[in-house]
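Top to bottom, those sequences are chains S and F. All the letters of the first sequence, read from the start, carry residue numbers 1 to 217 under the working numbering. All the letters of the second sequence, read from the start, carry residue numbers 1001 to 1213 under the working numbering.
Everything labelled a hint here was simulated from the structure, so no lab data went into it. Hints may be right or wrong, so weigh each one.
Unchecked claim - DMTMM-like, lysine to aspartate or glutamate: derived pairs with alpha carbons at most 20 Å apart:
#1 178/S to 1171/F
#2 1082/F to 185/S
#3 178/S to 161/S
#4 1082/F to 173/S
#5 178/S to 1054/F
#6 1082/F to 182/S
#7 1082/F to 20/S
Fair warning: this is a prediction, and the values are worked out from it, not measured in the lab.
The chain contents come next:
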Amino acid sequence: MNLEEIKSQIEANVPGCSLEILPNGSPSGQHSLLVDKEHALTVASFLRDGASPRFDYCSNVTGVDWPLKEISTKQKTKKLVDGVEKDVEEVIKTTTGNYLEVVYHLFSLEDRQGPLVLRMRTEDRAERVHLPSLTPVWRSADFQEREVYDLFGVLFDGHPDLRRLLMWDSFTDFPMRKDYVDPDDYEYEPTAHDEVLKRTQAHYAAQGEPSEAEGAR
Amino acid sequence: MDEQLKNELRRQGVVATTLQELYNWGRKSSIWPLNFGLACCAIEMIATTMARYDLARFGAEVFRPSPRQADLMIVAGTVTKKMAPQVVRLYNQMAEPKYVISMGACAISGGPFKQGYNVLKGIDRYIPVDVYIPGCPPRPEALLDAFLMLQRKIDEQQLTGPDRPRHLQAELPSEFTVPECSEHDLTPTRNDAIWQVPLVNISNAGKNESGRD
Ligand code: SF4
């Protein structure tokens, strides 16, 4: 199974879609296909029904949170300073991230091929977190998309039953996002160290009383 | 009556006993646990009831599927915050006298998931626990040991006097607050009447190698 080949198959059959191959630098080299959300549903149905091999099984759906990240790189350029050409180091700042990503692992049971890794990205992490649901194409995505909604807060349009799955209904946070802050219940940590120790100290500092007094009742 | 005389009489075919002994013997010999498990520890609990370890030898032959018929709640496994209200509610529905065994690191304190976003840091924050079994998971022998420990505890209970067990003191509660799932956490996060923060000296933690003072 060749990702390039599948990409050109899709491009030939789904006009207007924009696809991108995201390389994976690890030894496994499991590259993935980034699909634009406008055409994702058509691409998915094509992958299931028209492509060769036909991807008739979606084994896994998961999410990734990419918070906004600033990357500064240094670059040497030549510039005219007071009429003299000099080498100047410039710091170029770029940002990446600031989106939520949903990853689908597709297999072809018919031809015993796979996985094909399909990705979709939301526009940002706050308001525009809508993505098309692929549950109409692969029923097995149903609960997993609900889980991605539950833990990451991606809203799947066209999902038949988008409710929380693991957390309770009145819960308002999305615990797998990187900026999730868990409740401050660090009052008793018998073997506190590292992060937990910091949280425990912060807990007692916020209470304004030494921990001994707390325990001595 | 003193022990020696009792034994002597028993040798002659006369059994002398007290109401308290009989009552406690009856209770301790037929503790029926509630039939529910929450996570991996439940597998060990199930193993304990099967032929190899055979919990039935000690009077717990039937795991009752209804809290109304159960005497013992074995909290076997991870109590998620979503599950905690149901566990407390089941406990409230059990008839007195009732006992709780907190089985495994998770039920005691949250265990490996203590800092998780959805795990309760110990069921003893909401209901009183009689016996704790450490381990992840505890072996069936450990559960048997806890069971025997509970039987010893029941055997020693006085039916009269100020130390009599909770179910014989009308003014003590037999139901406890069921926490509610709210926006970020359970409310309340603990029942202060039964769980107080144990002594922690956090100001010294992390300062020397052992992390203790
Ligand atoms: S204590 Fe260990 S074995 Fe028991 S429920 Fe927790 S993780 Fe599973």
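In rising order, the numbers of the hints this structure does not comply with: 1, 3, 5, 7
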